[in-house]
Amino acid sequence: ASGLALMDENALDPLSATSRGTGELIASALNEGIRRILIGIGGSATNDGGMGAAAALGVKFLDADGNELSGCGRELALVRKIDLSGLRSDVFEAKITVMCDVDNPLTGKNGATYTYGPQKGADAEALNTLE
Numbered sequence: 110a111s112g113l114a115l116m117d118e119n120a121l122d123p124l125s126a127t128s129r130g131t132g133e134l135i136a137s138a139l140n141e142g143i144r145r146i147l148i149g150i151g152g153s154a155t156n157d158g159g160m161g162a163a164a165a166l167g168v169k170f171l172d173a174d175g176n177e178l179s180g181c182g183r184e185l186a187l188v189r190k191i192d193l194s195g196l197r198s199d200v201f202e203a204k205i206t207v208m209c210d211v212d213n214p215l216t217g218k219n220g221a222t223y224t225y226g227p228q229k230g231a232d233a234e235a236l237n238t239l240e
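If you count by this note's numbering, then the sequence shown holds residues 110 to 240, one letter each, in order.
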């Protein structure tokens, strides 16, 4: 739903990519009554901090003017308010485990963006925006 293997190498754009598809899969599992969900995040094509996935589950991310953001990496720095009022209540009944196969800090020069951003198509300017 959000993986590099699903993308054409020439179409990679981590500033616009979103994890919304992963959130839609979580919603589908919840609709089927599944309450134990495992998510592997290795090889993702996104760098949105999970905004897209959360938005698909009802979370609203708002900018300084109260406008709702779509949930892509480019918008991370614009988030000023997170509105959880629309979050699906069945999320709280579920145990969702996110798994990764690396031990990197989230931010900084050795963090996720600078380490994995280039394989997702990020150039130097995009890396700075995403960080």
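Keep in mind the hints are simulated off the structure, nothing from the lab.
These figures come from a predicted structure and were not determined experimentally.
There may be inaccurate statements among the hints.
Said to hold, decoys possible - The calculated lysine to aspartate or glutamate pairs, modelled on EDC-like cross-linking and capped at a C-alpha distance of 20 Å, are:
#: 1; residue 1: K218; residue 2: D232
#: 2; residue 1: K218; residue 2: D192
#: 3; residue 1: K169; residue 2: D192
#: 4; residue 1: K190; residue 2: D210
#: 5; residue 1: K190; residue 2: D174
Structure-based check of each hint:
1. Distance restraint check for K218 and D232: the Cα-Cα separation of roughly 14 Å lies within the 20 Å cut-off, and the hinted pair is therefore satisfied.
2. A distance of roughly 31 Å separates the Cα atoms of K218 and D192; the hinted pair therefore is violated under the 20 Å criterion.
3. Of the pairs offered as hints, the one joining K169 and D192 holds, with about 5 Å between alpha carbons and a cut-off of 20 Å not exceeded.
4. Taking the CA atoms of K190 and D210, the gap is near 31 Å; set against the 20 Å cutoff, the hint is violated.
5. Between K190 and D174, the direct Cα distance comes to roughly 10 Å. Compliance with the 20 Å bound is thereby established for this hinted pair.
In the structure shown, a violation is registered for the earlier hints numbered 2, 4, in ascending order.
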